[in-house]
Amino acid sequence: MNATAIENPDTHSGISNAKLGVWLFLASEIMLFATLFTTYIVLRLSATSWPWGWDALNVPLATLNTVILISSSVTIVMAYARAYDRDVRGFRLWMALTLALSFGFLIVKAFEYGHEFSKGIGPSTSVFYAVYFTMTGLHGIHIIGGIIVNSVLLYMSFVQEDWENPLFLGRVEGAGLYWHFVDIVWIFLFPALYLL
Amino acid sequence: MNNYGWGLPIQASTFAGQIDSGLWIIHAAMIGIFVLWGIFFTYLLVKYRRRDGVPARRDEHGEIASLIPDLLVMVFEVGLIVFYALPTWRSVKMTMPDAKDALVVEVTAEQFGWNIRYPGPDGKFGRTKPELVHFSNPLGLDRTDPAAADDIVVSNEMHLPVDTKVLIKLRSKDVVHDLFVPEFRLKQDAMPGMDTPMWVEPNRIGHYEMACAQLCGFGHSLMRGDVYVESRTDFEKWLKARAALNPAPPSATSGGF
Amino acid sequence: MSKQTAAAHDPAHDEHRPNVKLYIGVFAALLFFTGLTVAVSRLHLPRPQAIALGLTIAGIKAALVAAVFMHLWGEKKLIPKILIGVAIFAVTLVVIDVLDGIWLTPQDTSRMAVADQHPDESAAEPPAPAKPTAAAPEAK
Amino acid sequence: MSSDHGHDAHELSFLRKYVFSVDHKVIGLQYLITSFVFLLAGFALMMLMRWQLAFPGRAIPLIGPMFSPDLAPNGVMSGEFYNALGAMHGTIMIFLGIVPLGVAAFGNYVLPLQIGAPDMAFPRLNMMSYWLYLPAGTLMLLSFFLPGGAAQSGWTSYPPLSVINPGQTVWLLAMVLLITSSLLGAINFLVTSINMRAPGLTLMRLPVFVWSEMVASVILLLAFPPLEAAAILQLMDRVAHTSFYMPKDLVILGQRYAGSGGGQPLLWQHLFWFLAHPEVYVLVLPAMGIVAEIIANNTRKPLHGYKTIVFSMLGVGVMSFLVWAHHMFISGMTPALSNFFLVTTMIISVPSVAILTCLIFSLQGGSIRYNVPMLFALAFLPLFGIGGLTGLPLGLTVTDIYLHDTYYVIGHFHFVVVTGSIIALFAGVYHWFPKWFGRKMNDRLGVIHFWGSVVSMVGIFTPMMIMGLAGASRRLYDPTAQVHNLIVQPLNVVSTYFAAVLGVFQLPFIWNFFHSMFRGEKTPENPWQATTLEWACPSPPPHGNFAKTPRVYRGPYEYSAPGRATDFWPQTDPS
Chain A
1 MNATAIENPD THSGISNAKL GVWLFLASEI MLFATLFTTY IVLRLSATSW
51 PWGWDALNVP LATLNTVILI SSSVTIVMAY ARAYDRDVRG FRLWMALTLA
101 LSFGFLIVKA FEYGHEFSKG IGPSTSVFYA VYFTMTGLHG IHIIGGIIVN
151 SVLLYMSFVQ EDWENPLFLG RVEGAGLYWH FVDIVWIFLF PALYLL
Chain B
197 MNNYGWGLPI QASTFAGQID SGLWIIHAAM IGIFVLWGIF FTYLLVKYRR
247 RDGVPARRDE HGEIASLIPD LLVMVFEVGL IVFYALPTWR SVKMTMPDAK
297 DALVVEVTAE QFGWNIRYPG PDGKFGRTKP ELVHFSNPLG LDRTDPAAAD
347 DIVVSNEMHL PVDTKVLIKL RSKDVVHDLF VPEFRLKQDA MPGMDTPMWV
397 EPNRIGHYEM ACAQLCGFGH SLMRGDVYVE SRTDFEKWLK ARAALNPAPP
447 SATSGGF
Chain C
454 MSKQTAAAHD PAHDEHRPNV KLYIGVFAAL LFFTGLTVAV SRLHLPRPQA
504 IALGLTIAGI KAALVAAVFM HLWGEKKLIP KILIGVAIFA VTLVVIDVLD
554 GIWLTPQDTS RMAVADQHPD ESAAEPPAPA KPTAAAPEAK
Chain D
594 MSSDHGHDAH ELSFLRKYVF SVDHKVIGLQ YLITSFVFLL AGFALMMLMR
644 WQLAFPGRAI PLIGPMFSPD LAPNGVMSGE FYNALGAMHG TIMIFLGIVP
694 LGVAAFGNYV LPLQIGAPDM AFPRLNMMSY WLYLPAGTLM LLSFFLPGGA
744 AQSGWTSYPP LSVINPGQTV WLLAMVLLIT SSLLGAINFL VTSINMRAPG
794 LTLMRLPVFV WSEMVASVIL LLAFPPLEAA AILQLMDRVA HTSFYMPKDL
844 VILGQRYAGS GGGQPLLWQH LFWFLAHPEV YVLVLPAMGI VAEIIANNTR
894 KPLHGYKTIV FSMLGVGVMS FLVWAHHMFI SGMTPALSNF FLVTTMIISV
944 PSVAILTCLI FSLQGGSIRY NVPMLFALAF LPLFGIGGLT GLPLGLTVTD
994 IYLHDTYYVI GHFHFVVVTG SIIALFAGVY HWFPKWFGRK MNDRLGVIHF
1044 WGSVVSMVGI FTPMMIMGLA GASRRLYDPT AQVHNLIVQP LNVVSTYFAA
1094 VLGVFQLPFI WNFFHSMFRG EKTPENPWQA TTLEWACPSP PPHGNFAKTP
1144 RVYRGPYEYS APGRATDFWP QTDPS
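Protein chains in written order, with the numbering used here: chain A, 1 to 196; chain B, 197 to 453; chain C, 454 to 593; chain D, 594 to 1168.
By construction, these hints were calculated from the structure, which means they are not laboratory data. Note that the structure is a prediction, hence the values are computed from the model and not measured.
Stretch by stretch, here's where chain A covers chain C in the computed footprint (C-beta under 8 Å, at least three residues):
| # | segment |
| --- | --- |
| 1 | 485-491 |
| 2 | 508-515 |
| 3 | 520-533 |
Glycine included, each C-beta is placed from N, C-alpha and C at the ideal position.
Throw the hints in and build the complete structure from the sequences for me.
Structure follows, in structure tokens:
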């Protein structure tokens, strides 16, 4: 595949298939989350009242989660840097750290949900909570997807054949792109649901 | 009701003629375009069929030629929009008559029927509460509200005075319905949670049909009512007769389930 | 990242040379902005200003992540082009739907019933800034 | 791509070769067969509906007693069953029939060959798309037999009806699967055609069909996610009892709705049509691409206005995102917005007219070869033209007030999709059949299929236009229950008879297809003397397609070039 790419530069974008594919996938994800934010805005504008995040949700926990997710973005880009320098131990370390942080995010999220459920609050309580649970829930599913991808990459770094595959670095970059996108979504979700 | 045929139904509102003229213009143009293209197309098919010894001729003339029909279509469409669609849409759907000069009627759709409410002599619609909804009180009218006492609620039967602007406030109790009176050329979705205004000025006395035109469930096809356009005096007479059927103002405890 | 550097690493690839110092700098900036946006939200600014400020900070953070971590800064032109196209469609979707949402007239009954059904919702907060126009007067 | 390439050396098992294959050609044929099966299923549902429409209240003949009493008591269809048939007919035909056939089946088989690629960019992703599509479709069909039955709220699924009706949950789940499958497919097509073109095959040398697939893929990629999000929200409304689409104080059949309220039913319509209008172009663009290929090949001359066609397709693609709300003129949407969508709708008609004009002008000066694919391609032009023209009064705000939700809409849409897309897809099957199997389909049966289909299609849909003008409403279980439908009711009978005729005339096609697959007349590598790349490899192409990567020297339609011995000049011919 990549051999063809070098042979015919005039009919090849110069971007690897994997990266182009990930970017196109992110393009569709942008539309998905744009729709969810549209729903949020429309419902908020037509609501008679809209609770403030500090009253309705747990902002300190969410702030912690924001910090966790931002840190995981840094660790995954560090893992990429280690893979770029062909440092397999460094890659494993940073990737494992990324995974640990993503699990941390999910655990904090689970505490948040558990707290709300224990108060008898659920998605059907009001439109605000419907938006909150649906958007954070979908974001959580994206986190789980990222965890699966990153675990596979971590596993592959232990397989000699995969680690030496010239496509490996591209895969790490692709996984990184996805993970950063999930981070960006949270960067908007956090103020939209908790702070404003 | 001999209002329907193989063509458009009879016209019974002030803007029916405007809408029909648009339909006629467009269909005439459509048939014209289709026939012209058809003749040209058939000519090409016959003239350029494969014959021995006659090779295909590569046309070297530019691509501009193919844009000429486009240009014509565009001119026609721009004309339609500017001189027909925009002004007519403005008058039919965007400008509502003032509630003071018009008869205001509230139509509430439900599965599978229409509830038509007239404000009564005080010109005010009374309060409704969803918890009061009952088969004998389909709108949940709160008769303790003084404005509601004289409201007249009729099922599947709308009486309108001729030559009067009528402002209809369209609502729905459950799902999306659509009020369609073919003779008025009038159609509007009834969206639950919204007050959708629409207006009509009937100009022909007669008996018409109000049908639901938006899929609303298993009984959708049964959802219809009758529209009676009457002279002013007949309408007033009917209104008075209906008002007499209203229950006496009840005490605050009654109503509900 | 230019063609030459990518080629020097491995001719078949277009990955970007990582810049660890820059990553750490961006990390610090992201933490700072996170703290800032939380702090600002405690100030109880009027809602329109609060929303504008919050979105601006989020926008800056997102731009940093996209430009540095996702290497959009220095990426081949095709990808920004794709993203601009997507942005146009996404903005159309948002703007039209929101405009429609603002201009519509909700039923007055639904607003009346809010207070008694969900006292928790309508308790402390003032209503949202951009409210739909009030319902028709004669219905009440 | 990775470790499993090592196993390629020995013979693949039957399962890996024909069932879980990663070869784009096998996946293409899998899509082809599956989507034809779904088209037949959708057709069968339609026949049941047409019986009820023509003869409301009469027991369904022959198979009526076989239905369970809650679907059809005493063999007479119930209102719920009718609505389920309507919803599923639309869903199956559009999402499971024509889009997979046009985009995925033809795209998978033909697109990599036309760009000289050995396979798709992501072969395993490609297999995954198919294996998401098949369970999604099966789930959709099976929903008839699940408790609650099939969805009954129309293919548009407008809430609140769709939230309270039974059966909708399965529909939504199947849609989410299907959308995911389409997204994967769209990414694959785009990366393949951006990155894997043969050397020399610049963008302006691409066959029109490849362009149409690319534009359709962009539409799928960007328009489907909003529906996916909207479907998830509706699923939440049904399963978690949220109120995204449920306003306050609903009273449903005398019962107060329990949800919190505060939702916006109109929002669904916006999100749905944001997909569903571009979707129409997904149905039509590959069809136009196929027709363009066949017309160029059988007129033996280059397409008139290749560039105009390409840029018009791109224009249609972009504009298709800006016209969605012309389906909502009378939905209660802000009337001022209608004016915006009126203008964009008229703008999008300009590139569509340009494409059709170019295709008709392409006939001029040609040496038209009337073979079966060409017959279908030629029928596409006037019949799709009718579909396009009848869109005009529906796109115009004022006339739409009257025509909205009448049979006029049904007639218009089916002229576009049946006599447009399906006719063109048939043309594609006849045209590329020799490529797929190295054999030709029988001409005589093809001609019978052609005339039978075209005449009966026109016979079905023309009465609908007349009924629509007379005001007859659509989606009525019993059209005779509303007075204004009564006079034109005989036309429903006419439509139904023609629909039965249409069904009968598909039999020669089905027989022809399977018979020719094994017994058809053997064809040479390039039976149509075509120029594009797919005819430069053996038929059927082996794994990896081309023995060596082809090199492209010229545009796609160099027919009857002056000074050459033959009347076609293949793209790969170096001379």
